[in-house]
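Please construct the entire structure, taking both the sequences and the accompanying hints into account.
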Amino acid sequence: MEFLVYVLLGSVFLFYLLVRPFLQPRKLLPPSPRGLPLIGHLHLLGRQPHISLQELSNKFGDIVCLRLGLVPAILISSSAAAREALKTHDQTFSGRPYFLLGDYVYSSKSMVLSPPNEHWRRMKKLFNAELFTANRLASFLEVRREELASMVSFLIDNQSRVVNVRELVRSYTFNTITRIVMSKRFFGEKNTVNEEEAMEFMEVMEEIIKFGFAFHISELVPAWVRWIDWKIPAVKRIAARENIVIQKILDEHRKTKSSRGTKDFLDILLENDTEGDGGGNDLDNARGTIMELVGAGTYTTACVIEWVILELLRNPDVLEKAQHELESIVGQTNRLVEESDIEHLTYLQAIVKETFRLHPPAPLLLRMSTQECVISNYHIPKGANTFVNVYAIGRDPGLWENPMEFSPERFVGSSMDVRGQDFELIPFGAGRRTCAGLTLGLKVVQIGLANLLHGFDWSCVAGRDYDVAESSVSVIWPKKPLEAMVTPKSR
Numbered sequence: 001m002e003f004l005v006y007v008l009l010g011s012v013f014l015f016y017l018l019v020r021p022f023l024q025p026r027k028l029l030p031p032s033p034r035g036l037p038l039i040g041h042l043h044l045l046g047r048q049p050h051i052s053l054q055e056l057s058n059k060f061g062d063i064v065c066l067r068l069g070l071v072p073a074i075l076i077s078s079s080a081a082a083r084e085a086l087k088t089h090d091q092t093f094s095g096r097p098y099f100l101l102g103d104y105v106y107s108s109k110s111m112v113l114s115p116p117n118e119h120w121r122r123m124k125k126l127f128n129a130e131l132f133t134a135n136r137l138a139s140f141l142e143v144r145r146e147e148l149a150s151m152v153s154f155l156i157d158n159q160s161r162v163v164n165v166r167e168l169v170r171s172y173t174f175n176t177i178t179r180i181v182m183s184k185r186f187f188g189e190k191n192t193v194n195e196e197e198a199m200e201f202m203e204v205m206e207e208i209i210k211f212g213f214a215f216h217i218s219e220l221v222p223a224w225v226r227w228i229d230w231k232i233p234a235v236k237r238i239a240a241r242e243n244i245v246i247q248k249i250l251d252e253h254r255k256t257k258s259s260r261g262t263k264d265f266l267d268i269l270l271e272n273d274t275e276g277d278g279g280g281n282d283l284d285n286a287r288g289t290i291m292e293l294v295g296a297g298t299y300t301t302a303c304v305i306e307w308v309i310l311e312l313l314r315n316p317d318v319l320e321k322a323q324h325e326l327e328s329i330v331g332q333t334n335r336l337v338e339e340s341d342i343e344h345l346t347y348l349q350a351i352v353k354e355t356f357r358l359h360p361p362a363p364l365l366l367r368m369s370t371q372e373c374v375i376s377n378y379h380i381p382k383g384a385n386t387f388v389n390v391y392a393i394g395r396d397p398g399l400w401e402n403p404m405e406f407s408p409e410r411f412v413g414s415s416m417d418v419r420g421q422d423f424e425l426i427p428f429g430a431g432r433r434t435c436a437g438l439t440l441g442l443k444v445v446q447i448g449l450a451n452l453l454h455g456f457d458w459s460c461v462a463g464r465d466y467d468v469a470e471s472s473v474s475v476i477w478p479k480k481p482l483e484a485m486v487t488p489k490s491r
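Quick note on numbering: the working numbering labels position 44 of the sequence shown as 44, and the sequence is numbered without any gaps.
What the hints contain is simulated information worked out from the structure, not anything from laboratory work.
Note that the coordinates shown come from a computational prediction; the quantities given were computed from them, not determined experimentally.
Even for Gly, the Cβ is constructed at its ideal location relative to N, Cα and C.
Hints may contain errors.
[Unchecked claim] Derived Cβ-Cβ restraints for the label pairs, each shown as a range: (1) P31 x K255: 54 to 64 Å; (2) S258 x F154: 31 to 41 Å; (3) I244 x S376: 30 to 40 Å; (4) L70 x S471: 22 to 32 Å; (5) F154 x N117: 20 to 30 Å; (6) Y466 x L141: 26 to 36 Å; (7) E424 x K59: 19 to 29 Å; (8) C460 x N117: 48 to 58 Å; (9) L438 x E401: 23 to 33 Å; (10) E200 x L141: 25 to 35 Å.
What follows is the structure, encoded as structure tokens:
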């Protein structure tokens, strides 16, 4: 009899476990494509994930539920849903998923990759209060002028020749950022480092960026099995090279402190180091900040300028309008366009916005939900990697008329901006995870582009293709480095 009681109780308990999910209110998850065992929906992501994800959104809707390996993911591809996630639920989506790069290269000291912990809050406060203030950026105005003058001089010396635009603008942005961050000029005349050191730093940074934009098995499995990732030895080698490069920069920086007039970003970073001792223990914090500032500042800004020049060569009427505006506002003189001129160059600003719409250098914003929430009536689970497809939003026919056309006129007279308040156009992100270097990056893009267009005539190289195919590594460059004929304007 006692045995039958245990059997009965066990049966009731088993029945309860089986029916319990059906007794609870069902939470409506976003629609999802059919997945595969273990890998989930990874097989649906091609070499250009932003395009693959755009195609999924076209088929399944503005919000899609995915599984990348064993990790849940949410895809957002509309401005309305992006506004809910990054504004209404900003705090919920302030998390960052696990990145292999963050563990080994940045030692969890990365501001971009860090979760919203005390270190991240301290660094964000430092960036906003010390590094990217209007006064601090103004103090480096002469640096930006000198790098502009250097780029212009190079083009004058190489007039009527085929110019590799990517190399040109990458050197300009790289030197500008490194001088602001660490008072070092790596490329061109009057460089402050030798060629071997410059190439080593560039190679390490490019390797880190390419590695960071790839998927790794440790990012797709629970924490307790991350050790199986066969890429760990490779990332350790990258970290070892980076340690050597950054330690050399730090050592030289301390030695030359007394000879520098204006404080650079690294001076401020070391002075405000509260996690290390201001000496040998600050490597992790400093290296993460240096690589993020230089890597993001160089590649995203150079990428945008290259896309602008490419689109202007494909649309000569737009190029003509931009140069006419420059002549009207700046005048037909040999002077550089100044940053104070930019606010009056409304068509140039429209060109930059249109380029960000069609060709965002970082097409996917990646967040992680720190708690459950509801977006567009769909349940978003805690811990879901969340992709906001900026690329898809910029090409949404429901938002933009003729979205595939390069038409800066759509922004003429419009108050829409790229600073994270208009969710139709958020290349720098939005909310508390907005890119900290937004203002500096925008300045470097606008003033660099203005001087390239004002001082020179641009034309295509005979026999070259000028299509808009995209690369599939790191930031989204044009697939082929842009080459053009550049001739100084006669005054």
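Going through the hints against the structure:
1. P31 x K255: 54 to 64 Å: holds (60 Å)
2. S258 x F154: 31 to 41 Å: Given range 31 to 41 Å: holds, Cβ gap about 32 Å.
3. I244 x S376: 30 to 40 Å: Roughly 49 Å apart at Cβ, these two residues miss the hinted range, so it is violated.
4. L70 x S471: 22 to 32 Å: holds (29 Å)
5. F154 x N117: 20 to 30 Å: Given about 44 Å between the Cβ atoms, the range is violated.
6. Y466 x L141: 26 to 36 Å: 34 Å Cβ-Cβ, so the 26 to 36 Å window holds.
7. E424 x K59: 19 to 29 Å: At 22 Å between Cβs, range holds.
8. C460 x N117: 48 to 58 Å: Holds, since C460 and N117 (Cβ atoms, about 50 Å apart) stay within the stated range.
9. L438 x E401: 23 to 33 Å: Given a distance of about 27 Å, which is inside 23 to 33 Å, the answer is holds.
10. E200 x L141: 25 to 35 Å: holds (30 Å)
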